[in-house]
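Taken in sequence, the protein lines are chains A and B. With our numbering applied, the first sequence closes on residue 691, and no number is skipped along the way. With our numbering applied, the second sequence closes on residue 1072, and no number is skipped along the way.
Treat the hints with care, since some could be wrong.
[What the hints assert, rightly or not] Simulated crosslink set (SDA-like; lysine to any residue; CA at most 20 Å straight-line):
#: 1; chain 1: A; residue 1: K599; chain 2: B; residue 2: E915
#: 2; chain 1: A; residue 1: K599; chain 2: B; residue 2: G887
#: 3; chain 1: A; residue 1: K599; chain 2: B; residue 2: L961
#: 4; chain 1: A; residue 1: K599; chain 2: B; residue 2: K888
#: 5; chain 1: B; residue 1: K1053; chain 2: B; residue 2: S1063
#: 6; chain 1: A; residue 1: K599; chain 2: B; residue 2: G916
#: 7; chain 1: A; residue 1: K599; chain 2: B; residue 2: K963
#: 8; chain 1: B; residue 1: K1065; chain 2: B; residue 2: S850
#: 9; chain 1: B; residue 1: K963; chain 2: A; residue 2: M593
#: 10; chain 1: B; residue 1: K888; chain 2: A; residue 2: I603
In short, the hints are calculated from the structure, not lab data.
Now for the letters of each chain:
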Amino acid sequence: MSGIKASAASLPVFSTGRVYAAIKPILWLTLGLAVIEATVVLFEIRPYYLPRPSAIAANIVATPGAYISGLWRTVLETALGFVAGSVFGVAIAIVFHRWTLLRELFFPLFVVSQTIPVIAFGAVVVLWFGNTLFAKAVISFYISFLPVTVNTLLGFNSVDPRQVQLMRSFGAKDGQILRRIYLPAALPQLFVALKLASSLALVGAIVGEWFGDTTGLGVLLLQAMYNENVVGIWATIVVSACLGMGLYSLVALAERRIVFWGNEQ
Amino acid sequence: MSSTAKLEPQEPIGAYAAERPLIELRNVSKTFGSVKALSDLEVAIQPGELVTVVGPSGCGKSTLFNILAGLEEPDPGNILRLKGKSSSASDLLGKVSFMPQRDLLLPWRNVIDNAILALEVEGMSRTEARKQAREMLPEFGLAGFEAQYPNQLSGGMRQRVALMRTFLFKRDLMLLDEPFGALDALTRTMMQRWLLDVWQKHKRTVLFITHDVDEAIFLGDRVLVMTARPGKVKLEQVVDLPRPRKADIVTSSEFIALKKTLLEAIEEESMKSFQVSGH
Ligand SMILES: Nc1ncnc2c1ncn2[C@@H]1O[C@H](COP(=O)(O)OP(=O)(O)OP(=O)(O)O)[C@@H](O)[C@H]1O
Ligand SMILES: [Mg+2]
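With the sequences and hints as input, model every part of the structure.
What follows is the structure, given as structure tokens:
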């Protein structure tokens, strides 16, 4: 099933078989859960500190409706904030790249804005936009756009000026150079930021829900905490973790599809 | 030959006074800060000519090309005429097909899509541009490779893709900056013969930079030898070897005589450039 792939271009790589690669995550997850289960039972850890994984699973299976509707709501908020943050992040990077003055004026401001803890900011957003899905998406957006801007700028700077000169010699206009050279060249860096932004956007959505909402994973978390429903807290954590990993894998998958040429220049 | 009086006054430029030059440079200088790269350069290229340019490294050959491609404005006081029309360098943007010293292929575009880059910029639809490019693939020895990406190609192939991109951008003047510089000797001679075939078929005016004197003579109608920095034309050597040229022409006595003249001129300049930079 596995063999050593010798290559002059890298250290020997132990490539694993396809089947193993597919079931590997499940295998390790099952093993991990079994170990935790055994530890909890063996050391008689009280559920207050760490409930048994099987109890958590049972909780989710018993009331799937609450988790599914919560998950759905949080997904919507995260996706909205993430997409808006990414688009805005790239747009701002283009503006900053072309107008250095604007960059010098506003970039520090953007950085400072990120030092305001999102918790402090969240209350204001909910006051401004009401207790809506949109308000949570705004918080999500707020904490996800800056890494996108920073990395897109980094990607723009990696463009070979001779490449741009070649385009100019063809008589290319600025817009054509942006679309055909700058944006594709920034993609490898951009995706690094998008993976980070996907996780940040989820944090934004969950924290946003703490400022008042009726559904969502953040709400479930709060409710479970007030009711001292430890199993509920853990169940929500598990669902959130799955969502986070799902979003990340989605972006990583898109990366592998789109940035097939890697970082070579 | 003609006995009728010409209305237009003729400015004789070497042996090529009969035709009107496609492009003409006079008094062209270029200074980068304290570095004077070109000084009072004079060149005239006739339509359909293949002119090769040799000269010591750093003498301003690429700078000359950048000016001709419209990317760099020469110092004020220059005269630059395209088809007899006075223009500034930036007017030449989009008018000259330029192949820089590096292939500069885009890693995210496959062979076909790299080749059609200039056509796309011109506003041609992708389907139409790809169709044109596909027809040219066999001629450039790239048949069957259209879907490959640059990192899957050999150095010679990458260079041919870059050449194809330059050829597809159909302009009267083609500038090739050391197109075969990175190739091994064998591939290089193959490519030279191939370039002559393609050139004869497509009838373009070509300005070709090289470091290789054999290459300069084998390809060129004329060889321009540039001086050490600041660069100007030291010698304009007409190559009156018959075309089509066979590979064995390099051993003919005419070829060797030309080579001797050119090597002497180049050697003299190379020594100078070493003395200058040795300070
Ligand atoms: N953009 C620039 N800024 C400053 N100096 C430059 C610039 N471009 C070229 N030079 C200088 O001008 C001189 C001529 O450079 P150029 O690239 O034209 O030489 P070249 O003849 O093409 O050399 P090679 O044969 O090595 O390619 C060099 O001394 C170089 O340092
Ligand atoms: Mg050069």
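Going down the list of hints, with the structure as the test:
1. K599(A) to E915(B): Measuring from Cα to Cα gives roughly 10 Å; hence the hint holds.
2. K599(A) to G887(B): Cα-Cα ~10 Å, so holds.
3. K599(A) to L961(B): holds, 19 Å
4. K599(A) to K888(B): Within the cut-off at roughly 14 Å; holds.
5. K1053(B) to S1063(B): holds, 15 Å
6. K599(A) to G916(B): Given pair K599(A), G916(B) holds - Cα atoms ~11 Å apart, limit 20 Å.
7. K599(A) to K963(B): holds, 18 Å
8. K1065(B) to S850(B): holds, 11 Å
9. K963(B) to M593(A): The hint holds at about 15 Å.
10. K888(B) to I603(A): The hint holds at about 17 Å.
The structure fails none of the hints (numbered hints given earlier).
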